Structure formats: C-alpha cells, structure tokens
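Going down the list, the sequences are from chains A and B.
Heads up: the first sequence at position 123 corresponds to 123 in the UniProt record's numbering, and the numbers run straight through without jumps.
Heads up: the second sequence at position 179 corresponds to 179 in the UniProt record's numbering, and the numbers run straight through without jumps.
Watch out, some of these pointers could steer you wrong.
To be verified - Between beta-carbon pairs, the in silico distance windows are: (1) A:Val55 - B:Thr210: 39 to 49 Å; (2) A:Asp238 - B:Asp138: 53 to 63 Å; (3) A:Glu206 - B:Lys180: 51 to 61 Å.
The hints are simulated quantities; they were obtained by calculation from the structure and are not laboratory data.
Every value quoted in this text rests on a predicted model; they were computed, and no experiment measured them.
All C-beta atoms, glycine included, are put in the ideal place defined by N, C-alpha and C.
2 protein chains.
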Amino acid sequence: MLYVIGLGLSDEKDITVRGLEAVKSCERVYLEAYTSILMVDSSKLSEYYGKQVIVADREMVESESDAILADADKINVAFLVVGDPYGATTHTDLVIRARELDIPVQVIHNASIMNAIGACGLQLYNFGQTISIVFFTDTWRPDSFYDRIKENRALGLHTLCLLDIKVKEQSIENLARGRKIYEPPRYMTVNQAIEQLLEIEDNRGEKAYTGETLAIGCARVGQPHQTLISGTLQQLVDADFGGPLHSLVIVGNKMHELEAEFVKDFAIDKTSFDEIVKRDYSL
Amino acid sequence: MLYVIGLGLSDEKDITVRGLEAVKSCERVYLEAYTSILMVDSSKLSEYYGKQVIVADREMVESESDAILADADKINVAFLVVGDPYGATTHTDLVIRARELDIPVQVIHNASIMNAIGACGLQLYNFGQTISIVFFTDTWRPDSFYDRIKENRALGLHTLCLLDIKVKEQSIENLARGRKIYEPPRYMTVNQAIEQLLEIEDNRGEKAYTGETLAIGCARVGQPHQTLISGTLQQLVDADFGGPLHSLVIVGNKMHELEAEFVKDFAIDKTSFDEIVKRDYSL
Numbered sequence: 001m002l003y004v005i006g007l008g009l010s011d012e013k014d015i016t017v018r019g020l021e022a023v024k025s026c027e028r029v030y031l032e033a034y035t036s037i038l039m040v041d042s043s044k045l046s047e048y049y050g051k052q053v054i055v056a057d058r059e060m061v062e063s064e065s066d067a068i069l070a071d072a073d074k075i076n077v078a079f080l081v082v083g084d085p086y087g088a089t090t091h092t093d094l095v096i097r098a099r100e101l102d103i104p105v106q107v108i109h110n111a112s113i114m115n116a117i118g119a120c121g122l123q124l125y126n127f128g129q130t131i132s133i134v135f136f137t138d139t140w141r142p143d144s145f146y147d148r149i150k151e152n153r154a155l156g157l158h159t160l161c162l163l164d165i166k167v168k169e170q171s172i173e174n175l176a177r178g179r180k181i182y183e184p185p186r187y188m189t190v191n192q193a194i195e196q197l198l199e200i201e202d203n204r205g206e207k208a209y210t211g212e213t214l215a216i217g218c219a220r221v222g223q224p225h226q227t228l229i230s231g232t233l234q235q236l237v238d239a240d241f242g243g244p245l246h247s248l249v250i251v252g253n254k255m256h257e258l259e260a261e262f263v264k265d266f267a268i269d270k271t272s273f274d275e276i277v278k279r280d281y282s283l
Numbered sequence: 001m002l003y004v005i006g007l008g009l010s011d012e013k014d015i016t017v018r019g020l021e022a023v024k025s026c027e028r029v030y031l032e033a034y035t036s037i038l039m040v041d042s043s044k045l046s047e048y049y050g051k052q053v054i055v056a057d058r059e060m061v062e063s064e065s066d067a068i069l070a071d072a073d074k075i076n077v078a079f080l081v082v083g084d085p086y087g088a089t090t091h092t093d094l095v096i097r098a099r100e101l102d103i104p105v106q107v108i109h110n111a112s113i114m115n116a117i118g119a120c121g122l123q124l125y126n127f128g129q130t131i132s133i134v135f136f137t138d139t140w141r142p143d144s145f146y147d148r149i150k151e152n153r154a155l156g157l158h159t160l161c162l163l164d165i166k167v168k169e170q171s172i173e174n175l176a177r178g179r180k181i182y183e184p185p186r187y188m189t190v191n192q193a194i195e196q197l198l199e200i201e202d203n204r205g206e207k208a209y210t211g212e213t214l215a216i217g218c219a220r221v222g223q224p225h226q227t228l229i230s231g232t233l234q235q236l237v238d239a240d241f242g243g244p245l246h247s248l249v250i251v252g253n254k255m256h257e258l259e260a261e262f263v264k265d266f267a268i269d270k271t272s273f274d275e276i277v278k279r280d281y282s283l
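Next comes chain A alone, as it looks inside the complex:
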C-alpha cells in the first residue's frame, strides 16, 4: 500500500491519528520537501514517528518514482506531504504511476492553506481561482496571474495568492560548474508580493486592483504564531509579518458585513478600513 499522508500546517503533531498509525505501519517513509515546508526538521519527524524519514526532493520524486514505489504492492510505503496531499500536481503524478503499477493507494487528508485560509475571516465559498506569485528576476517578470485577479475581482470574489518558495536552488555559477551546492531556502514575503503586484498594475494599468484595494497579509497560518494584518495594499507593503510562510488575500468587493467585522479586528488602521469598506465594498 502507498499511503499519501498530509502533515498539515505546522509541526509533527499536526498529522492525524489515522495518519500516524499508517506511518508507523510503513517500512519506508518519504517526505516531499520542495512545494512547501514544515516548521520542523525532518529529524524531529523521524524521532516522533520512530521511523527514518527520507527527504525527497523534486528530482527524486519526478525521476525516481519507481524507486519510491518499489515493493509497495507487498509492503507499506508512506509519502508525506506538507498540508494536504492534493496540493501539488507532482503528487497526482505519483498516484497515477502507482495505479499503473497496480499498487493500492490510500490518501489521508489534512488541512492545507487552501482551506485554512478561512482563518482570515473571509468565507471560503467567496474565493475565486487561486494564483501563485513567483519571484521576479531581472529578466523574468511573469504577470499572467494579473488576469486571474482581474477575473475574480470582476465577480467580487476574493483571491488567495500563494507566494513563491525556492528550495535547493543552485547559483548560476554552481550550476554552470556542475557543483551540487545549494543556496539557502527563500520564501517570498507579503511585502515582496505586494511590491510585485503594484509594479504589474503600474505596467498594465487595467485597475484589476490599486494601492487602495483591501488585502490580508497572512503569515504562518494554522501555526501557534499565526499573524494576520489587513489593510490596503499600500498600507501592507511595509508591515512586518515575521518569519515564513506568508500568503496574501486580495479582498473581493462582495465582502459581506460579517466578513468585514472579522477582518477589521486586525486592520492596520481601523478608521481607514471602515472608510474604504464604506466607499468601495458596500453592496
């Protein structure tokens, strides 16, 4: 059996009881470690589960899936995923491959940012499509998500923006020289995301949003030190959200009263929040 097990959002204790029992039954335990990160080391997981945890990077999952699945028709193998198993396409690939090999698969779900974002007080059913914002480089400044935000906002819907994570990056020099030396992980902050969003709006000028649009900056959602701050994009660009992971919600103007009441509680400036809700978000 291949168990694909969600670990939830914070640390080793966010696994479900069912998930923990499954891990303990497995002969090999892999941890997917490139689409998201837990706030604890894999060694902590190993200790808690009483099992050696093998960290699987993108290369391994994409090119050695048959090694991960070896003998899983006879023994139990666990593939641990931060958040919920169906958060990323790669895990879907692994499940499809297991099916081809006639290996039974059981998925054990958990919270992920896709539902835990409800913690910001906006109702999940009022969210439109989700977007991902990647780090701009000097030569690559992709903005296709601008159209997605515009579509959501035209319908009055909220937009969850997932922010880029760079794990196991090589510098151009190390890559060129074939040295397997990796840069420290990088996590996009709410501040960086907003800077990029405002730059794109400056270029496109289609008013998908403006500096006056309300948003909620979210850090460490579902963890003990979760931070939520609401305000205009312009107000939030300099706010301090602390350590990773960050995400951002752009508020749609169908926001209803109960949502606004909840969100106002952590507004950076309650007076201007009220004014803007009254001006731009009253339906």
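Following the hints, complete the assembly by docking chain B onto the known chain A.
Same frame as chain A, but now just chain B:
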C-alpha cells in the same frame, strides 16, 4: 481557552494529534452537529477521547453561545467541528463572541471538503466560487447559484457544489403543535442535485451547463469507501453513489490534460468521456 478543533472527514481517528491532546485537556467538549456530520456516533467520540461529548445543535450554538463559553477564560473548552473549523459562518460568530469576552481562542485545522475535493483529480487552484444546492420544496425552488455556476464556467473554472443536509427538521404538523419530534436526517444525493440542476437549466435556458457537461459525483470524500464517478450530468443522474455525504463538481472547460487523465480513470463511459473532452474541453 476555547479550542475550536476540526475533526476531518471520516471518524474519530481523523482528529490531529495536536487536536486530540487539546480535547483531553478540556473540561467541556461540544460537538457541532448541524452543518455536517461525521460517520460515527458522538458516543464513539466520547469513548475515544475519554470525555463526555455534548452534541450542540444550531439552536444551542446560536442562542446559548455564552453557556458554551462559560468560564473559558479559566478552563479549557473544546468546540469540535466536522471538517475544518472555518467551514461555516456560525463558528466565526462563536469566535467573534469569544473575542468580545476576552477569551483566548485557538483553532486547530483539519481537512474539509473544500480542500479534500482535490481527490477528484482537478486542481484546487482551478476552482471558482463554491455553491450550495438546497432541497427544492413544492413552493421554494431557489436558483441563485445558477448565476455563480455560469460565472465560473464563463472563466473555464470548476465548481464545487455542496449538497444540502437536513438535520433535526420538524414536520409542519409537529412544528405547528410545538412538538419537539424530529425527522430522520436527510442528505441530498448527487442524483437529486443533478435533477435540480437540469430543471433549473430547463427554466433559465442560458446554457450555464447542459446535460452534456462533464461532472464528477463524489461520495464520502476522504473516507475509506470514497466513491468518485465522472461523466456527463445526464450520465450521472442515475449512477449509484451509495451512502452520504455526497458532493458534485461541475468541470470547467479549462481542464488540462493531466486533470483529464486522472478524471477519466473513473469515467462511467471512457469512450464518450474522451469524445466530450475533445469536443468541449480542448483548449
């Protein structure tokens, strides 16, 4: 401390380890039992947690929230919610009320249908707004969600349809006579939802969808006996999905190849699935 704890999707073992530890620290434990249901009795939960579980119906949560919160500034109180705590508005109310009373609140997240629906193989970021389909009655046949589906489909997005649950209903006679006698719980099936959807399309005729639109009927998502069947609405209207809970996904025509490959695996008729994907879903 008020702990608001998600129970996940299936039974007593879907709670997280962190959640279980919190429950065990509580003096009073309430179970919210009207927006969704677990597949086990509350007595099973009581036994597993080693705590008496008080079933809280809508009336109690809405009108006796202060009783639920009594002394929670000094002792620990748990409010258990099937799925994730932020799935329903009522829990937001309880959190707002706790804040007003200066009671610290900790939310422990879990999987809910809002993210576990990824199990159907469609990518969560390609879903638009979520809709709820309620039981039609002779005199009340609300169809405002039709516009939401139309908006999603105009953007090529998938639509998650949550299906009605009726718990603790009174018959008109019992209600009139003030008898607190309740009907057995009712759960809308995928079949009933599709019948209602097709009736609305017949009336509105705006082609938000047709009998030929692809959909995925989902039953018991995240549980050991999960059932997924894909096909056209017309094909699925008579399919057998077994016991509750059911939900339905209307596929948006931005479905990409990897999504289609996954979904085809449980198509009611693979040949017609391929034909319709080629005709209506090729981008």
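- Message: So, against the hints stated earlier in the document, which numbers end up violated here?
- Response: none
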